[in-house]
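Participant: Could you build the full structure based on these sequences and the hints that come with them?
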Amino acid sequence: QQPVQSPQAVILREGEDAVINCSSSKALYSVHWYRQKHGEAPVFLMILLKGGEQKGHDKISASFNEKKQQSSLYLTASQLSYSGTYFCGTEISRNDMRFGAGTRLTVKP
Amino acid sequence: DAGITQSPRHKVTETGTPVTLRCHQTENHRYMYWYRQDPGHGLRLIHYSYGVKDTDKGEVSDGYSVSRSKTEDFLLTLESATSSQTSVYFCAISVDRGDEQYFGPGTRLTVT
Chain Z
1 QQPVQSPQAV ILREGEDAVI NCSSSKALYS VHWYRQKHGE APVFLMILLK GGEQKGHDKI
61 SASFNEKKQQ SSLYLTASQL SYSGTYFCGT EISRNDMRFG AGTRLTVKP
Chain Y
1 DAGITQSPRH KVTETGTPVT LRCHQTENHR YMYWYRQDPG HGLRLIHYSY GVKDTDKGEV
61 SDGYSVSRSK TEDFLLTLES ATSSQTSVYF CAISVDRGDE QYFGPGTRLT VT
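Respectively, the protein sequence lines represent chains Z and Y. Residue numbers are given in this note's numbering: position 107 of the first sequence equals residue 107, and the series is strictly consecutive. Residue numbers are given in this note's numbering: position 61 of the second sequence equals residue 61, and the series is strictly consecutive.
By construction, these hints were calculated from the structure, which means they are not laboratory data. A portion of the hints provided could be inaccurate.
Here are the simulated DSS-like cross-link-like pairs (lysine-lysine), alpha carbons at most 25 angstroms apart as the crow flies [what the hints assert, rightly or not]:
{"id": "1", "chain 1": "Y", "residue 1": "Lys-11", "chain 2": "Z", "residue 2": "Lys-37"}
{"id": "2", "chain 1": "Z", "residue 1": "Lys-67", "chain 2": "Z", "residue 2": "Lys-50"}
{"id": "3", "chain 1": "Y", "residue 1": "Lys-57", "chain 2": "Z", "residue 2": "Lys-26"}
{"id": "4", "chain 1": "Y", "residue 1": "Lys-53", "chain 2": "Y", "residue 2": "Lys-70"}
{"id": "5", "chain 1": "Z", "residue 1": "Lys-37", "chain 2": "Z", "residue 2": "Lys-26"}
{"id": "6", "chain 1": "Z", "residue 1": "Lys-59", "chain 2": "Z", "residue 2": "Lys-26"}
Facilitator: So this is what it looks like as structure tokens:
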């Protein structure tokens with residue numbers, strides 16, 4: 001089942017912070033986060049695994065609440081380059097990953 | 001950037017015609033995936049491969065078939081294209097299932 005992302009869209013000024021949430025109705029093995037700029041391919045940001053392991057970029061932070069089947073992506077001191085659509089992908093098992101519909105982030109000067 | 005190419009990048013075809021999209025990688029990654037992306041649906045997995053001649057179905061596999069005869073190439077075929085298959089198709093690769101995925105540039109397919 002497709003995870004639910006919120007908000008669907010957010011507009012920020014440079015330097016402001018944002019949180020993007022991803023929730024699933026089923027127990028999760030892992031959560032992936034990707035960013036896609038208009039007309040381009042999605043780009044990997046982070047993986048959060050059951051048990052607490054994380055892999056990803058140093059400037060991106062995220063959390064994974066296994067009990068609530070939720071993950072949040074934290075974007076601090078946003079820059080213009082952060083603009084794009086953010087997708088979470090959730091794995092119920094290692095053979096089944098589903099992506100959310102995306103959160104469109106716009107950062108303005 | 002991961003070495004992934006897709007061809008063609010754009011294609012317009014008529015309903016009922018067969019279409020084959022190609023994904024080529026130079027990374028020697030074991031896993032390859034085909035996704036379609038439509039507004040409001042994010043990315044949906046069509047098929048994936050875990051080795052030469054080893055493939056499995058994804059979430060939206062009906063109407064699609066795949067083949068992988070070499071590690072570097074993964075083909076997606078629409079046997080008889082329909083208008084509902086108009087979409088942007090992305091290929092992705094990963095070292096292992098569950099690892100980060102690297103996406104190709106995409107193919108925009110329009111079925112008229």
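Participant: Does each hint fit the structure? Answer for all of them.
Facilitator: Hint check:
Only pairs whose Cα atoms come within 25 angstroms are accepted, and Lys-11 (chain Y) paired with Lys-37 (chain Z) is accepted, the gap being roughly 22 angstroms. Taking the CA atoms of Lys-67 (chain Z) and Lys-50 (chain Z), the gap is about 10 angstroms. The hint holds against a cut of 25 angstroms. Between Lys-57 (chain Y) and Lys-26 (chain Z) the CA atoms are separated by roughly 21 angstroms; this keeps the pair inside 25 angstroms, and the hint holds. For the hint linking Lys-53 (chain Y) to Lys-70 (chain Y), the alpha-carbon distance of about 8 angstroms falls within 25 angstroms, and the restraint holds.
Under the criterion of a C-alpha separation no larger than 25 angstroms, the hint pairing Lys-37 (chain Z) with Lys-26 (chain Z) is inconsistent with the structure, at around 29 angstroms. Between Lys-59 (chain Z) and Lys-26 (chain Z), the direct Cα distance comes to roughly 29 angstroms. Violation of the 25 angstroms bound is thereby established for this hinted pair.
This entry does not satisfy hints 5, 6, going by the numbered hints stated previously.
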